[in-house]
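All chains, full assembly: derive it from the sequences and hints.
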Amino acid sequence: MKATQKDFASVAARVAREARLFFLCGPDESGASDAAAKIVSLLDDPGERIEMSGAELRRDPVRLGDEARSTSLFGGTRHIYVRAQGDEAHDAVKTLIENEVEGCPVLIVATGATDKSRTAKLLAGRGDALVGMFYPPDLASVTATVRTLANGAGLKMGSEVAQRIARAAGLDTRLARSEVEKLALYLDAVPEAPQAVTMEALDAIGASTEDDAFGPLVDTILGGKRELLASELKRMHDLQINPVGLLLALERRVAQLAALNAQLGANGDVGALLEAEAKARRVFWKDKPALAQQLRVWRGPRLDRLVSRLVALHQNLLSNSQDSELLLADGLVRIARLAIGSTKQRVSRTV
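Once you know that position 11 of the sequence shown is -4 in my numbering, the rest is easy, because the numbers rise by one and skip nothing.
Don't read these hints as lab results, they were simulated from the structure.
We put the CB at the ideal spot given by N, CA and C, even for glycine.
Possibly wrong hints are sitting among the right ones.
Label pairs and their calculated CB-CB ranges [claimed, not checked]: (1) 185 to 137: 19 to 25 Å; (2) 144 to 315: 36 to 42 Å; (3) 47 to 141: 49 to 55 Å; (4) 30 to 300: 20 to 26 Å; (5) 87 to -4: 19 to 25 Å; (6) 22 to 267: 24 to 30 Å.
Calculated pairs, DMTMM-like style, for lysine to aspartate or glutamate (alpha carbon to alpha carbon, straight line, at most 20 Å) [what the hints assert, rightly or not]: (7) 210 to 272; (8) 106 to 85; (9) 106 to 83; (10) 264 to 254.
Listed below in structure tokens is the structure:
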């Protein structure tokens, strides 16, 4: 089975009942992640969640099948959630479907992959699998999503407020959901007692644009800017920047780097690629210098390791919410050190 964001909502309930393997891909990583969350919510009994990375499965393709056929430590149900780049999970998926023993549901969010990828072709014609292709949303669709989220949270929200949240979230529905949840908490809103949202309320919870809050931090970390690292981490603490929101912004930039890497190939021209992407309005022109620097740092195995670190960091933040700021700061420093080390290697090779 195949679906896009246009028809996913109408088929989600059916495929959650009928399919056991979900390959969610496309340029909109946040949309694919939202779709995975929706599928899990529709499972009769999702049970324990087992997380894996595509890099792990590429090293050990048999592991996915072993985990899918295993039972929970306490005898309950389980589902598997995989974050992968491109076709990293291809061999693991091939091994899984060649075994006739039915396993638990497997959801793969594949950054940089499309419905033409090798993994997608393995699954597209199967009745027990779904290939979901998600394209970047536009402002109008994310604004509508924000209003839907607001209604569900007990918020009466006009289009102007919803549009501001959509813009501030960089059209990322995960960040938008976080803003809606904060507003509902701030206004003490519930569906049974809806509350109106004003611009003043939005200002009060500190909603800011990604460029103002997340952008400089993301560029400092991924660009290995040693001289700015301490001041940016201090700014994160002083402004009480949402750790999960910042991590999602970092993940979104890494997803962008992975997609650009796939187009770039082994010996591509970084400058020419970014110029073409900017002309096609797939890259914001102000981001070109930062992206150029980051593309020279995060390539091949180094990018794979970065994705694995982000997956582990995300898990730590979700399971240790009280220490999320400290855990995030430590993780960001480790990533920045990798970037700084790569920059030093490039400089030494040119001297």
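Hint check:
1. Checked against the given bound of 19 to 25 Å, the beta carbons of residue 185 and residue 137, roughly 23 Å apart, stay inside it.
2. The hinted window of 36 to 42 Å between residue 144 and residue 315 holds, with their beta carbons roughly 40 Å apart.
3. One distance hint, 49 to 55 Å for the beta-carbon pair residue 47 and residue 141, holds here, with the actual separation near 52 Å.
4. Separation of residue 30 from residue 300 is about 22 Å and conforms to the stated range, judged on CB atoms against 20 to 26 Å.
5. The supplied range of 19 to 25 Å is met by residue 87 and residue -4, whose beta-carbon atoms lie about 21 Å from each other.
6. At about 25 Å, the beta-carbon gap between residue 22 and residue 267 stays in the expected band of 24 to 30 Å.
7. Using a Cα cut-off of 20 Å, the hinted pair residue 210 and residue 272 holds, with the two alpha carbons roughly 16 Å apart.
8. A hinted pair counts as satisfied when its Cα atoms are at most 20 Å apart, and residue 106 with residue 85 qualifies at roughly 19 Å.
9. As the CA atoms of residue 106 and residue 83 are separated by approximately 15 Å, the hinted pair is consistent with the 20 Å bound.
10. Distance hint between residue 264 and residue 254 is fulfilled; the C-alpha atoms sit about 16 Å from each other, no more than 20 Å.
Consistency with the previously given hints is maintained throughout, with no hint failing.
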